[in-house]
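Visitor: Work out the full structure: start from the sequences and follow the hints.
Which chain is which? The protein sequence lines are A and B, in order. First residue of the first sequence? That's 1 in my numbering, and the numbers climb one at a time after it. First residue of the second sequence? That's 1 in my numbering, and the numbers climb one at a time after it.
No lab work stands behind these hints, which were simulated from the structure alone. Treat each hint with caution, since some may be false.
Result set (DSS-like, lysine-lysine): computed pairs, CA atoms no more than 25 angstroms apart in a straight line [as the list claims (entries may be wrong)]:
hint, chain 1, residue 1, chain 2, residue 2
1, A, Lys-24, B, Lys-65
2, A, Lys-24, B, Lys-61
3, A, Lys-24, A, Lys-109
4, B, Lys-61, B, Lys-75
5, A, Lys-24, A, Lys-90
6, B, Lys-75, B, Lys-144
7, B, Lys-75, B, Lys-65
8, B, Lys-327, A, Lys-162
Below are the chains, spelled out letter by letter.
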Amino acid sequence: MTGNIFYFLAFLTLFAAIGVVASKNPVYSVLFMILTFFALTGQYILLNAQFVAAVNFIVYMGAIMVLFLFVIMFLNMREDTEQHKPLMSKIAAAISGGILLVIMVAALKDVDAGGYNAENFNSQIGLVEHLGQVLFRDYLLPFELASVLFLAAMAGAVMLGKREPGEQNRF
Amino acid sequence: MESTEFLVRSAVILAVFGITLLIATYSTYAERKIAAFIQDRVGPNRAGPMGLLQPLADAVKLFFKEEFVPANANKFLFIAGPSLAMLTACMASAVIPFGNTILIDGQYINVQAIEVNIGILYIFGVVALGVYGIMIGGWASNNKFSLLGAIRAASQNISYELAMGMSIIALLLVSSSLSLRVIAQQQGETLFGISGMNWNIFYQPLGFLIFIICAFAETNRVPFDLPECETELIGGYHTEYSSMGMGLYLFAEYVNIFVASAVMATLYFGGYNFPFMYDLGLPHNLVTLIGTGVLFIKILMFIFFFMWVRWTLPRFRYDQLMNLGWKVLIPLSIANVIITAAVILISEQGLPW
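Guide: Put into structure tokens, the structure is as follows:
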């Protein structure tokens with residue numbers, strides 16, 4: 001049963017991920033990406049990592065992808081108005097993408113995923129209580145440093161978005 | 001034993017779904033009656049006694065109208081938009097505890113569709129998802145006004161979700177659980193010597209105020225119904241919709257109101273608990289039954305409040321909406337979180353000096 005759900009979700013993830021790349025219309029790409037995140041949320045639930053699933057659901061599907069969709073709808077890109085890229089940049093993109101694929105395959109080829117011991121495995125490890133204890137007890141410093149990074153990014157976004165003195169609205 | 005629990009749970013799931021739709025249906029009737037009362041009119045009174053069959057008549061009318069798809073619209077997404085709005089609206093009520101436990105053959109069964117220990121995050125996620133229905137429908141219409149409505153809906157929802165999340169964080173500090181059932185149970189404890197009065201509204205009045213304002217914005221209700229502001233945008237995101245597509249959008253709004261009311265009643269107003277619930281000496285099942293009735297009374301009061309506000313207050317201007325969200329509600333909710341955390345810390349560990 002769980003195995004079948006896993007295969008279904010894996011199929012859905014791959015199908016949607018290919019859809020992101022293959023769609024001509026950028027709005028379809030974003031919608032496929034939302035579907036990808038939805039399927040990933042299902043995978044997290046299968047792993048009994050409920051908190052990660054909820055965060056993935058709220059942050060990625062509920063907030064970030066809304067912003068993506070927002071921007072793309074504003075730009076209103078259409079297939080017929082999209083400019084065709086020159087051949088050189090297409091070749092360059094294909095080569096760099098291919099190199100990335102080779103590196104990923106090479107890096108993951110010998111990776112040891114690390115099995116788990118079925119006897120002393122704690123199935124509750126992904127629940128929010130455990131996650132909070134791990135984050136705030138064992139990894140407190142990295143966690144706080146990440147929050148400083150977020151603060152810096154937020155201040156940067158506010159600085160970039162701020163209207164210069166004397167600048168008019170451009171729209 | 002197993003089969004009893006299965007039967008009761010299935011009955012609860014069906015009842016929750018059915019009641020959600022029933023209340024949403026009759027909210028349309030109540031809305032028109034309340035509007036009529038506030039504006040000193042009669043309201044719908046032709047279909048059935050006191051116009052009670054009006055929602056059915058409306059549904060029949062909407063179903064028989066022509067389903068018109070504009071020539072330049074994206075056909076698939078044009079139909080997917082309202083379907084998605086309705087789907088996400090109906091998903092949220094699954095985790096709300098509509099009552100305490102029922103005792104059958106010495107076994108306690110929850111009156112709740114599913115119990116997950118991240119219930120509040122689930123609701124938050126589903127609410128966040130709700131904006132896609134509006135955005136997709138507005139964009140697929142291929143119409144400037146629909147697109148502007150969709151974009152307004154998206155920016156409004158994102159802005160008010162932040163303040164809503166912050167007000168929930170302060171509540172979670174008090175309750176220290178993400179499960180809606182646990183939060184509801186905690187509110188059944190004794191306060192001022194009255195059992196079933198330990199409601200979170202007494203601990204989080206500011207949080208509740210922020211939450212209810214954000215709930216108005218999330219459900220696109222007046223005074224925050226800028227996405228469908230007819231003076232500026234004709235009809236907003238549903239300008240091009242006719243027939244049941246339009247009906248589903250309107251219906252989804254009422255389902256969202258019901259869910260928002262149920263969440264507010266559960267989080268802040270004691271859920272299924274009522275004053276003196278354990279002092280009356282009644283059997284467990286009867287207390288549960290009364291509790292469920294009380295919860296629905298609370299929900300209906302909130303729905304009435306939504307409608308009362310709609311027919312009393314005028315609509316905001318768009319920049320006022322954004323200023324309220326970002327410059328008032330978010331700082332207030334952050335202050336609320338910090339004060340709550342400080343009070344909890346001091347009450348647990350004493351003053352630091």
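Visitor: None of the hints should be skipped; say for each whether it holds.
Guide: Hint check results:
For the proposed pair Lys-24/A and Lys-65/B, the alpha carbon gap of about 34 angstroms is over 25 angstroms, so the pair is violated. Distance hint between Lys-24/A and Lys-61/B is unfulfilled; the C-alpha atoms sit about 39 angstroms from each other, more than 25 angstroms. For the suggested pair Lys-24/A and Lys-109/A, the alpha carbons sit about 33 angstroms apart, so the restraint of at most 25 angstroms is broken. A hinted pair counts as satisfied when its Cα atoms are at most 25 angstroms apart, and Lys-61/B with Lys-75/B qualifies at roughly 23 angstroms.
For the hint pairing Lys-24/A with Lys-90/A, the CA-to-CA distance comes to about 16 angstroms; that is within 25 angstroms, so the pair holds. This hinted pair checks out: Lys-75/B and Lys-144/B have alpha carbons roughly 17 angstroms apart, not beyond 25 angstroms. A hinted pair counts as satisfied when its Cα atoms are at most 25 angstroms apart, and Lys-75/B with Lys-65/B qualifies at roughly 18 angstroms. At roughly 15 angstroms between alpha-carbon atoms, Lys-327/B and Lys-162/A fall within 25 angstroms of each other, so this suggested pair holds.
Checked against the numbered hints listed earlier, the structure breaks hints 1, 2, 3; every other hint is satisfied.
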